[in-house]
Amino acid sequence: MRLPRRGHRPHPRFRKSVRWWIADRTLSALLLLALAVLLVFSVLLAVGFVLAEDSSRPLGERLWSRQLLDVTLEVLRACVGTDSLSVEGANTAQEVLSTVASLTGALVPATLLGIALIKVFTVRPVVWRRKASIALAAMSDSPNYARDHQGSDKAVIAVRFYNHVLNLVMMEARAEAHLRFLEKSPHADTLVMYKQRLKILGEDGGLCDERVWSVVERAAPFTVWIPVGSEVPELPLGSLQGKDLRGLQGVRIMVRFTAKAVGTGAQLSDERWFKLDDSDLELGKFVSVEPDLDVHVSKWKGWREFDELQPDASPEGSAPPAS
Numbered sequence: 274m275r276l277p278r279r280g281h282r283p284h285p286r287f288r289k290s291v292r293w294w295i296a297d298r299t300l301s302a303l304l305l306l307a308l309a310v311l312l313v314f315s316v317l318l319a320v321g322f323v324l325a326e327d328s329s330r331p332l333g334e335r336l337w338s339r340q341l342l343d344v345t346l347e348v349l350r351a352c353v354g355t356d357s358l359s360v361e362g363a364n365t366a367q368e369v370l371s372t373v374a375s376l377t378g379a380l381v382p383a384t385l386l387g388i389a390l391i392k393v394f395t396v397r398p399v400v401w402r403r404k405a406s407i408a409l410a411a412m413s414d415s416p417n418y419a420r421d422h423q424g425s426d427k428a429v430i431a432v433r434f435y436n437h438v439l440n441l442v443m444m445e446a447r448a449e450a451h452l453r454f455l456e457k458s459p460h461a462d463t464l465v466m467y468k469q470r471l472k473i474l475g476e477d478g479g480l481c482d483e484r485v486w487s488v489v490e491r492a493a494p495f496t497v498w499i500p501v502g503s504e505v506p507e508l509p510l511g512s513l514q515g516k517d518l519r520g521l522q523g524v525r526i527m528v529r530f531t532a533k534a535v536g537t538g539a540q541l542s543d544e545r546w547f548k549l550d551d552s553d554l555e556l557g558k559f560v561s562v563e564p565d566l567d568v569h570v571s572k573w574k575g576w577r578e579f580d581e582l583q584p585d586a587s588p589e590g591s592a593p594p595a596s
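Start counting at 1 in the sequence shown, then tack on 273, and there's your number in the working numbering.
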């Protein structure tokens with residue numbers, strides 16, 4: 274007896290998720306889209322309702338009169354569950370359209386509630402700086418690392434971001450960086466996608482696989498420092514931590530951030546992919562945000578220049594003297 278063949282569906286079996294499509298849109302955009310869909314649907318139902326009525330008036334007069342507007346508004350109210358359509362006599366077509374409007378009115382509140390729940394439980398907690406900056410290693414904010422590289426021409430990449438939800442307190446914040454690139458397989462003339470974990474600066478200025486912030490200040494900026502391992506005279510980046518990137522395809526740097534919410538323990542995460550050219554990287558030292566515990570965090574000096582660079586701080590410049 275021949276057994277049915279399993280797994281006969283062809284690959285790839287991709288699909289799109291409505292949930293994540295909703296999660297990527299803003300709430301205002303979703304509400305405007307829902308309103309637009311309801312308006313178009315109401316107009317179509319209203320046209321059908323007017324066409325189905327038993328009237329001696331010419332069709333053009335009925336469609337271009339105020340009656341169509343009134344019916345459209347009535348259908349719209351029915352589609353959101355606040356009204357019902359008035360059907361004339363034993364008109365089967367209008368009964369069908371009225372039933373469709375009533376069913377829509379029952380589904381719309383549930384759909385809007387589902388969208389709201391998806392947005393509530395889909396939190397993107399951080400805002401990323403517009404570009405990652407590349408400066409001399411001696412200009413790093415890590416004292417030990419900066420001191421060890423005084424007079425060196427080696428560069429370091431700074432990736433900046435901050436928690437923009439003011440009433441969200443984080444704990445156990447972590448960050449890691451990875452390099453992705455396409456390279457020919459050593460066994461065949463085909464491209465293979467490789468991933469390489471990058472070393473980043475830890476709390477003490479030493480190299481580590483994962484940066485951990487045990488104490489997290491509310492809404493204060495985070496900085497992930499990625500040593501380049503060489504000088505960077507120009508973009509795009511030609512090498513990173515000993516890996517020659519020239520001629521490689523699909524090269525990206527990925528920085529991932531994870532944390533837990535204080536009180537609920539909910540897991541928070543976000544990530545950003547960076548190209549190696551000037552679309553995602555820039556040469557220079559970022560403008561720092563200066564903490565001031567006497568004022569609200571939103572009033573700290575430097576926020577307005579968060580996406581800007583300090584003047585005369587490019588990696589090809591001279592390192593500042595040791596303090």
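Take these hints with a grain of salt, some might be off.
[Claimed, not checked] List time: in silico DSSO-like cross-link candidates among lysine-lysine, alpha-carbon distance up to 30 Å: (1) Lys404 to Lys574; (2) Lys516 to Lys533; (3) Lys457 to Lys548; (4) Lys533 to Lys572; (5) Lys427 to Lys468; (6) Lys392 to Lys457; (7) Lys548 to Lys468; (8) Lys392 to Lys289; (9) Lys457 to Lys533; (10) Lys404 to Lys427; (11) Lys468 to Lys457.
[To be verified] The calculated label-pair distances, taken between Cβ atoms and stated as ranges, are: (12) Pro509 to Glu563: 29 to 39 Å; (13) Glu507 to His460: 46 to 56 Å; (14) His569 to Thr463: 23 to 33 Å; (15) Gly520 to His460: 11 to 21 Å; (16) Ser338 to Ala309: 44 to 54 Å; (17) Ala534 to Asn417: 27 to 37 Å; (18) Pro459 to Pro283: 53 to 63 Å; (19) Gly575 to Asp477: 50 to 60 Å; (20) Leu385 to His460: 46 to 56 Å; (21) His460 to Leu311: 48 to 58 Å; (22) Glu490 to Pro283: 44 to 54 Å; (23) His569 to Glu445: 18 to 28 Å; (24) Asp356 to Val313: 11 to 21 Å; (25) Ala309 to Gly520: 41 to 51 Å.
To be clear, the hints were calculated from the coordinates, so they are not data collected in a lab.
Just so we're clear, the structure is a prediction, and the values are computed from it rather than from any experiment.
Cβ atoms here follow ideal geometry from the backbone N, Cα and C, with glycine treated the same way.
For the pair we were handed, lysine 392 and lysine 289, check the Cα-Cα distance against 30 Å. Distance ~18 Å between lysine 392 and lysine 289 Cα, so the pair holds.
Serine 338 paired with alanine 309, Cβ distance criterion 44 to 54 Å: 24 Å, violated
Assessment of proposed distance window 41 to 51 Å (beta carbons of alanine 309, glycine 520): With Cβ atoms ~48 Å apart, the hint holds.
Compare the distance between the alpha carbons of lysine 533 and lysine 572 with 30 Å, and conclude whether the hinted pair is satisfied. 26 Å, holds
Is the hinted range of 53 to 63 Å satisfied by the C-beta distance from proline 459 to proline 283? Since the Cβ atoms of proline 459 and proline 283 sit about 30 Å apart, the hinted range of 53 to 63 Å is violated.
Distance restraint hint 50 to 60 Å, applied to the beta-carbon atoms of glycine 575 and aspartate 477: At roughly 25 Å between Cβ atoms, aspartate 477 and glycine 575 fall outside 50 to 60 Å, so the hint is violated.
Sort out whether lysine 548 lies within 30 Å of lysine 457, counting only the CA atoms. 20 Å, holds
Tell me if the straight-line CA distance from lysine 404 to lysine 574 falls inside 30 Å. 20 Å, holds
Checking one constraint from the list: CA of lysine 427 to CA of lysine 468, max 30 Å. Satisfied? 23 Å, holds
Given the proposed pairing of lysine 468 with lysine 457, does the C-alpha separation stay at or below 30 Å? 14 Å, holds
Holds or violated: lysine 392 and lysine 457, Cα atoms, limit 30 Å. 42 Å, violated
Starting from the range 48 to 58 Å, see whether the pair histidine 460 and leucine 311 falls in it by beta-carbon distance. About 57 Å separates the Cβ atoms of histidine 460 and leucine 311, which means 48 to 58 Å holds.
This entry does not satisfy hints 2, 6, 9, 13, 14, 16, 18 and 19, going by the numbered hints stated previously.
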